[in-house]
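Participant: As a plain string of letters, each chain reads:
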Amino acid sequence: MAVQSWSDVLKSSKKTALIHDGKRKIHYLFTDGKEMAEEYDLKTDELIVRKWRHKSTLGVQGSWLLEVGESLAGPVASLESDMIKENSSNPVFMRKDTKTSFQWRIRNLSYPKDVFSVSLDHSERCIIIKTSNKKYYKKFNIPDLDRSQLPLDDSALSFTHANNTLIVSYKKPEEILTFEQELLKELKKLKGSAEGDVDCKTQ
Amino acid sequence: MISLLLIQMATTKVPEVRDITRIERIGAHSHIRGLGLDDALEPRQVSQGMVGQLASRRAAGVILEMIKDGHIAGRAVLIAGQPGTGKTAIAMGIAQSLGPDTPFTALAGSEIFSLEMSKTEALSQAFRKAIGVRIKEETEIIEGEVVEIQIDRPATGTGAKVGKLTLKTTEMETIYDLGNKMIDSLSKEKVQAGDVITIDKATGKITKLGRSFTRARDYDAMGAQTQFVQCPEGELQKRKEVVHTVSLHEIDVINSRTQGFLALFSGDTGEIKSEVREQINAKVCEWREEGKAEIIPGVLFIDEVHMLDMECFSFLNRALESDLSPVLIMATNRGITRIRGTNYQSPHGIPIDLLDRLLIIATSPYTEKETKQILKIRCEEEDVELSEEAHTVLTRIGMETSLRYAIQLISTAGLVCRKRKGTEVQVEDIKRVYSLFLDEARSSQYMKEYQDSFLFNETQTAAMDTS
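In the order they appear, the protein sequences are chains A and B. FYI, the numbering for the first sequence is 1 to 203, going by this note's numbering. FYI, the numbering for the second sequence is 1 to 467, going by this note's numbering.
Just so you know, these hints were derived from the structure itself, not from any lab. Any given hint could be a false lead.
Stated by the list, open to error - With a Cα cut of at most 25 Å, we get these calculated BS3-like pairs of lysine-lysine:
{"#": "1", "chain 1": "B", "residue 1": "K240", "chain 2": "A", "residue 2": "K34"}
{"#": "2", "chain 1": "A", "residue 1": "K96", "chain 2": "B", "residue 2": "K238"}
{"#": "3", "chain 1": "A", "residue 1": "K34", "chain 2": "B", "residue 2": "K292"}
{"#": "4", "chain 1": "A", "residue 1": "K34", "chain 2": "B", "residue 2": "K136"}
{"#": "5", "chain 1": "B", "residue 1": "K283", "chain 2": "A", "residue 2": "K34"}
{"#": "6", "chain 1": "B", "residue 1": "K238", "chain 2": "A", "residue 2": "K130"}
{"#": "7", "chain 1": "A", "residue 1": "K139", "chain 2": "A", "residue 2": "K171"}
{"#": "8", "chain 1": "A", "residue 1": "K135", "chain 2": "B", "residue 2": "K240"}
{"#": "9", "chain 1": "B", "residue 1": "K201", "chain 2": "A", "residue 2": "K135"}
{"#": "10", "chain 1": "B", "residue 1": "K181", "chain 2": "A", "residue 2": "K85"}
{"#": "11", "chain 1": "A", "residue 1": "K85", "chain 2": "B", "residue 2": "K164"}
To be verified - Among the chain A residues that face chain B by a calculated CB cut under 8 Å, a handful are:
{"#": "12", "residue": "K85"}
{"#": "13", "residue": "K134"}
{"#": "14", "residue": "K135"}
Said to hold, decoys possible - Covered stretches of chain B, as calculated for chain A (at least 3 residues, CB under 8 Å):
{"#": "15", "segment": "131-145"}
{"#": "16", "segment": "163-174"}
{"#": "17", "segment": "177-186"}
{"#": "18", "segment": "196-208"}
Backbone N, C-alpha and C define an ideal beta-carbon position, used for all residues, glycine too.
Pulled out of the complex, with its shape left as it was, chain A reads as follows (with noise of 0.2 Å):
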């Protein structure tokens, strides 16, 4: 398969939208069979959520792993309470946009700024946060630059600590941002379903 950039696997893919409680909700069905659904918000347009689903070889329908945004844990969780799951006093990892700069949040860390060390991985593309009392480590790359297959800068990487939380931003490149209002004029022009309750197909 020919290397084909996110932008035309973005138009080929199925879309769905969706105004919805002050967000608009947009389906996206890529011809792997991989699903994407993306939420913005309605005045400021910024990302809140954006989700991947994929089946498994053997086709078994996966859950919803979070690229963005916060996830929602509710009741759900006490149903699977049979096997193991992180304990809540644990740090919590998200992502949350803004504007101009990819921007990751790491809640409940209580040790002082001086512990963290943040840097990028050129060889593997990705950032890496250490600390000095070995008590947290993360890896992770940043899927949009992978996906528009963008270079990595060391200068646009930072952090801040404050309130027990590690915040680690990402200036977003010329590219990125320019991309982004396209993407976000194209799905504008989406006609999303009326809002309140779609009718729900019954079996």
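Please build the complex by placing chain B on the supplied structure of chain A, with the hints as guidance.
Facilitator: Here is chain B on its own, set in the frame of chain A:
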């Protein structure tokens, strides 16, 4: 009133912590651990729980090699012989020698007759359960060194247990909340602080990799086989490719389920559409060509095969021709009898065209020496000690009545012996149970003598249809 409460409290015992290590019950064939062949496929007289039947065991060994090679599909074998000559034992022996990775599906001929599913559907499901697909899949695992396990049992003894598990790598540390199932499997694996473990997040399977090197100097009693491993690096949660074997039937079920919330209400699988099966077949072939998956043809064992009817036999004829077909092993104890669903007589109750495709292994009745040997093995399996005379008497009973009846007497005689506080079963105990329980021949005799006094004896003329 208060004293009564106190007594009550004293009597509510703390329930015993039950051992979760697997307890196996002793079944009719639990003493069989293999076919008892040497490397040259020559049968040993007594080995792996098998006694005698040398010719049929050698034949089964050849079939076993064919299955292990995995190249030949759609062969069928029939094991024929009188009742109690070890037909099922040979099939079990094959299953045991194949190991856990080759699928072995066993069913009895009567199992396929169900009102919820057609006969052929039940047969196709059985066929597809006997074909394994070894495939790579990515799963999320947690890998780290155990820092601390803390399990709280509620003071009342009942209710959910709560637990916490702290795991670390060289770079980080995380606390996990444990569910009930997880606590059980952790205590079953006897995981303790200092062990390096992996947990499959989806299935909850725990694997102990060894003990951490940092604990090598602990003054702990350790077995010689304790392995020391490095504490893992990097993140605790990783995505790893694992190879596992699933049966075609399992893939069918996954892909035929009603999607969405309706799946909650459809617990049973019901019939699987043939389109789904065709799709899966095509996909599996594609995977095989791409090198992503490997097909492992297994064994389908149908016991009491004479219980199948004409439609099933013609289905088998057709199914054996498919290249995605397992090796079929059937067993029957019938001679020339009516084929179910027709008025034709045929050997073993199997139509001639199917018989023509079969390799037939015959089993012969056991000799006295072999019977004695089998009874000895069963005594060991059932933990009953037998005196030499009692053993001889039991062997005589086995020869004159049936092997199964003699085996039944072992545990009953053992019980009688224990009740009189004896340690070894004597001839008296055998005599006692022999008089208490009738064997088949004596029971028939008794019936002939006293049938007039039984209820409904007026219907005695109606012949019983057993075929």
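Participant: Which numbered hints does this structure break?
Facilitator: Every hint satisfied by this model.
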